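Model the full structure from these sequences, guided by the hints.
Going down the list, the protein sequences come from chains A and B.
Its first residue numbered 15, the first sequence is counted upward by one per residue in my numbering.
Its first residue numbered -12, the second sequence is counted upward by one per residue in my numbering.
Because the hints were derived from the structure by calculation, they are not lab data.
Everything numeric in this text was worked out from a predicted model, so none of it was measured.
Heads up, none of these hints are tricks.
Partial list, derived from the structure: chain A residues whose beta carbon lies under 10 angstroms from chain B:
1) 38
2) 41
3) 45
4) 64
5) 136
6) 138
7) 143
8) 159
9) 161
10) 182
11) 188
Below are the DSS-like pairs computed for lysine-lysine, each with C-alpha atoms no more than 30 angstroms apart in a straight line:
12) 79/A to 28/B
13) 193/A to 8/B
14) 35/B to 38/A
15) 202/A to 144/A
16) 8/B to 35/B
17) 144/A to 76/A
18) 144/A to 187/A
19) 178/B to 145/B
20) 124/B to 178/B
21) 76/A to 35/B
22) 35/B to 186/A
23) 28/B to 144/A
24) 139/B to 178/B
25) 143/A to 154/A
26) 133/A to 49/B
27) 49/B to 76/A
28) 140/A to 28/B
29) 136/B to 58/A
30) 35/B to 140/A
31) 79/A to 35/B
32) 178/B to 205/B
33) 79/A to 143/A
34) 136/B to 59/B
35) 144/A to 35/B
36) 147/A to 193/A
37) 133/A to 199/A
38) 133/A to 143/A
39) 35/B to 147/A
40) 49/B to 106/A
The beta carbon of each residue, even a glycine, is placed where N, CA and C say it ideally should be.
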Amino acid sequence: MGKLRYTNNELLEGVYSRDSRVIKYIMGLVWVPVRDLVIQNSGKEDDAMNLIQEGFIAIYTKTEKPQLTASFATYFYAICRNIWLNELRIRKKESSMLSSIESAPVMAEEVDEEQLYEKRRQLYLKHFKKITKVCQDILKMVSNGFSNEDITAELAFSSVQYMKNRRTVCNKKLMDMIKEDPQYKELKYGL
Amino acid sequence: MDYNDRILDFLSGDISEVDQKKLAEDLNNNDELQEDFKLQKEILHTIKMGDDDTLDFRSQLKDISGEFLNEKNSRLRIRPAYWLAAASVITLLSVSTFLGLFRSDKYVGDQMFLEYYEPYGINIQVRGDHAEEDITKAISLYQAGNTEKALKEFERLKIENSEMSGFFLALCEIELGNIEEAQKELEKIGKNAIFYSDHINWYLSLCYLKQEEISKAKALFEEIALSNNEYADKAARILKKL
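Laid out in structure tokens, this is it:
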């Protein structure tokens, strides 16, 4: 075979270096299968493109570069599939939960308090950076909707219960740090 | 279990129905808990969205996605009045959407496909009469991504128009990842093809490539490269890489 346009490693590096040409090329590679995955599983085309973007972010924010055992496209698709399945799981739970709460939680952007939220965002990130790396990894996976089993496996914890204990400690630590920050009292009214 | 744990379980989708119901009740009756819930959700959202660098990347991705979709849509714009033109566009759509990509680790072949699946304006000269409406319907199904239904329609229409319906039938099989079936169909209709022969040969050669039948692919690409049709240059370029 002759030279390909990009090797797997070039595609991976293209994501880390945020090379627009490579990113668009990857979108072309994965668009149809990801779109079909989403549409066949309760989603829409818009969800598919958002999912692809989340796939890029998932790779970009990984602290360690993955060792590819299959093609980059297969790897990327697997990431999107995981994210989508988790998203569906959460959507299902969330819809039944939110319908039973009188005042549903509303993100700050939606109530036109962007400036206030931006300050709170900086505050959250400031404290998030202070907690240990393992705590960051756990909460990052929680935030991306991964199940307890997935987090346990990915971070190589001995059991789900142990992971949950760690998660509790990490989360409490972060919440306490934020709540104890004097800035928080000034900013929390947007919540 | 403390509330924050229960909230986290809920936000992770790992909460039992009993606990979820209890949490919902408590949230309705406890303002402090509501604030914690909102705070927890907002913190997780912030973590998910990432730091400033990640947000910047998100913004970049949004721009690239917009460009990508615009380019894709402009490729798929249907020419008015001519259903045959629509057919050709759909042909191109299908070519750019090889679902078999993730069915194996043969990334080399897959990447070559995608590199050479670029839409062109194809002017197909086909006579259509009473079957035109049905064909248009089948094409619409195909265009909407309803490939399995489209496939059934083309199977039915094959009796009246074996070449054209057979060609689209093969494209549906490709969409469904059934490359072997697509290949068989293209081989069958290709023998007596008149109107679609260039396109049939092109897709058939790509099926061979996909199936790693390199000698067959080469032979057909050589034929295409010598044909001076719209696929000739691409076939020549592929040959250099094989």
